[in-house]
Every structure is written in structure tokens, then in C-alpha cells.
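Using the sequences and the hints, build the whole thing.
If you're matching positions, the sequence shown starts at 4 in this note's numbering and goes up one per residue.
These aren't lab readings, by the way, just hints derived from the structure by calculation. It is possible that some hints are incorrect.
To be verified - Keeping only pairs whose Cα atoms sit at most 25 Å apart, straight-line, the calculated SDA-like set for lysine to any residue is:
1. K167 / Q264
2. K131 / Y241
3. K195 / D289
4. K171 / H76
5. K195 / N215
6. K131 / P108
7. K261 / C358
8. K173 / Q51
9. K173 / N255
10. K173 / N101
11. K131 / P52
12. K173 / G207
13. K167 / A185
14. K173 / H76
15. K131 / F82
16. K167 / S196
17. K171 / L139
18. K131 / H91
19. K195 / W163
20. K195 / R218
21. K131 / D161
If you're wondering where the values come from, they're calculated on a predicted model, not measured in any experiment.
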Amino acid sequence: MVNFADILPTECTTAILSFLQQHDLLVAMRVCRAWHQVTEPLFYQNLQPQTATSMASLLRTLESRPDLIPVIHHLFVTFENDEIIPGHQAYLLRRLSNLYSLHLPRWPQDGKLGYFLPSLRQVVLGYKSPMDELRLLWSFPSIESIEACLDDPICTPDIWPTTKTLTKLKLNRSSISEESLAIILQASPSLKSLHYDHQCNVAGEKAWHDGNRLRGALYHIRDTLEYLEIRMGLYSPYAEELIYLNLIPVQNHIGSLKDFQNLRSLVIPIAALFGWNVELDHDLTDVFPASLTHLSLVEDLVMQCTYEWSEQLVLERLGTFLAQMAPQLELFEFRPDHIFERWTEELEGSLRVLCLRDGVRCIIHQDEDVDEDSDEDP
4 MVNFADILPT ECTTAILSFL QQHDLLVAMR VCRAWHQVTE PLFYQNLQPQ TATSMASLLR
64 TLESRPDLIP VIHHLFVTFE NDEIIPGHQA YLLRRLSNLY SLHLPRWPQD GKLGYFLPSL
124 RQVVLGYKSP MDELRLLWSF PSIESIEACL DDPICTPDIW PTTKTLTKLK LNRSSISEES
184 LAIILQASPS LKSLHYDHQC NVAGEKAWHD GNRLRGALYH IRDTLEYLEI RMGLYSPYAE
244 ELIYLNLIPV QNHIGSLKDF QNLRSLVIPI AALFGWNVEL DHDLTDVFPA SLTHLSLVED
304 LVMQCTYEWS EQLVLERLGT FLAQMAPQLE LFEFRPDHIF ERWTEELEGS LRVLCLRDGV
364 RCIIHQDEDV DEDSDEDP
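Dropping the structure here:
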């Protein structure tokens, strides 16, 4: 059998093999000894143990083959932490000093871990954790991206470590308050991309979203922020679904973002932009900075509260705004709530006409979850 690794330059061989999936790399390793030698480092670059058994097997392999440890750059674990043998996950992370990215259900509680992950750039955590349990992530010297689901801290920390390398923070279905968010953002002075999906506990002491406090938290990253996505929802620990609660879920509104001079893309609920009270008339031109080129509106809270922002009211506010923002604004996206078919084809057509009139490209999504991770997100 011809060994292409002996014929092609090393760069070409690596490039070809990098297109293979983990299963295919494993097959290639079994072809012959020469192929095994070339393929093995690529196979171990990206590890995806599927069960606690495969995790234990990986540990045994690394014990017998410590030369493989430096080539491991990515670790992807999706099964529950409870299935992992106690100590295995923490032990593994202590060994992987060249790890670049890490995907775990939850962060292992080991205060010394940070000293052993100097190259870690990306962390993705699947399940909700108290905010203070993830404080350590801000101590990693190379951290660039964090995706997590956060709850308010068990004990509010006096000092939060500051990182100048973190540029992307994605908080999925997080119940941390605007005050807790401010602590994190103040410690992230280089942040360029923020996704804040705020789920408010209606059974808690503060059962509403606060626009003033949100703007105050965001103010810490006003000089660097380029992409901002805000989502809003309500939940209760005592009920699976909340529909048409008789409450006001939004206090105040986002207010002026004029100082955010690098902000070019914004995803925001109508209620956060306009406020909850439909009678208050806010001048949207005082909200957005001159740098903004992409605006996306979403209809969060429509299904959960007595929502008074009718389609016609939204059109009236947007009509004036689009005329004033042109030609600065290049793209306008709208993600309406289609459950009650509030937005008819005729109304959507009127919105498109408004955008066309002012030379703004318009996209109206037919399903709310389409393009959930916008291409604008760096």
C-alpha cells in the first residue's frame, strides 16, 4: 500500500486528514502503522468522549501515553456530570495544559484548576450554574469566549477578576440580575460581543426587567461593544409555563446608547426599546449611535403578558425612526411572534414598504428561532 504521507508534504497530509470526522480518523489509524503515526495526533486534537466509560478509557490512555497530552486542543463533553466518576473530569483538565476550547455540562468545582489551563480560549457550559461558581473563568490568561447559563450568585463576591482578553460573552436563559451583570461586564473591559438572555423569576423579589439598570451595566463596555443581543422572558420555579400574567414585566426602557460608538449590530425586544407603556413616546434617534448599521427587533413577552404593543403602533414608531436613520441603517430584521398570527401579510408588506422607501434592506423571519445566532455576531 502506498503511504501518501511519504509522498506528500506534511502540510498537505495534515490538511487532507483535517477534513475527516473523528470516526473516520479512527478508521484511518487502523489501516497500517504508517497511517496510524500520521493520523493519531489529529485524532487526539479534538476529543469527544460520549460516556463516563469512554472518559475513563481516555484517562488510562493518557496515563500510558503522556506524549499525547500536548496535542489535545479541544474537549467536548455532553453527558451529565453525575455520570462522571468523581475526580475524573478535574484530573483530566489538570493535565491538558494546551487545551484551547472546552465544552462541559457544568464547571467542576476545583479552585486550583485555573493554574493548569493557560491556553484556554473558549468555554461552553450547558447547564445553569450560580454566577460565583464560574468566577474562576475570568482568571484564565487567554480566555476569549464564554458561553454559559448563569443564576445569581450564592454569595456576591467582593472582587471579580478582570480579564482583558475576553471579547465574547453569551449568557443563555440566565436569571442573573442587571446588578450581577454589571459586576461581570465591569471585569470584561475588552468585550465586543454580548448576548444577554434575561429570564426573570416572577416569584422573586424583583419580578421585572429594568431598562435603566441594564443600560447602567452595559455602560462598562460602551467603548468596545460591537454586537449586542438582548432577550427577555419570564419563568417561575412553580410552573412549567407562564401565560398572560397580570403584571408589568419591564420597567423603564433601554434609553440612549449614543456613547456606544462602536456598536454596529443590535438585537432587542420591542418592550425594551420602546418601554412597556405604549403612551410614552421615545425619540429613537436619541437611542442609537451613528455606528449602528444592523437593527433586529423581536417580540419577546408577547405570549406571557398582557402585551399592548399592537402591530399598528409598532409600524408608526418604526416609520418615523427609519426615515431619520437612513442612510446610516443598512439592515433591519424583524422576528414577529407568529403564534396568534398578529402580523398579517398585509402588515408585513407595510413594514417592507417603509424599509424600501428609506433604502434599508428588510428581513422578516417567518419562524422566531430562525437565525438565532446572527451572522453579525463576531
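Taking the hints in turn, this is what the structure says about them:
1. K167 / Q264: Holds, because 19 Å separates the two Cα atoms, which is no more than 25 Å.
2. K131 / Y241: Cα-Cα ~17 Å, so holds.
3. K195 / D289: holds (22 Å)
4. K171 / H76: holds (19 Å)
5. K195 / N215: Within the cut-off at roughly 21 Å; holds.
6. K131 / P108: This hinted pair holds, its Cα atoms lying about 9 Å apart.
7. K261 / C358: Distance of about 23 Å is within 25 Å: holds.
8. K173 / Q51: Answer holds: K173 to Q51 is near 22 Å, not above 25 Å.
9. K173 / N255: holds (24 Å)
10. K173 / N101: holds (24 Å)
11. K131 / P52: OK: K131 and P52 at ~21 Å, within 25 Å.
12. K173 / G207: Roughly 24 Å between the alpha carbons, so the hint for K173 and G207 holds.
13. K167 / A185: Holds. K167 to A185 sits at ~16 Å (cutoff 25 Å).
14. K173 / H76: holds (22 Å)
15. K131 / F82: holds (15 Å)
16. K167 / S196: holds (14 Å)
17. K171 / L139: holds (16 Å)
18. K131 / H91: holds (21 Å)
19. K195 / W163: At roughly 19 Å apart (the allowed maximum being 25 Å), W163 and K195 satisfy the hint.
20. K195 / R218: Status holds; Cα separation ~16 Å.
21. K131 / D161: holds (22 Å)
Checked against the numbered hints above, the structure violates none of them.
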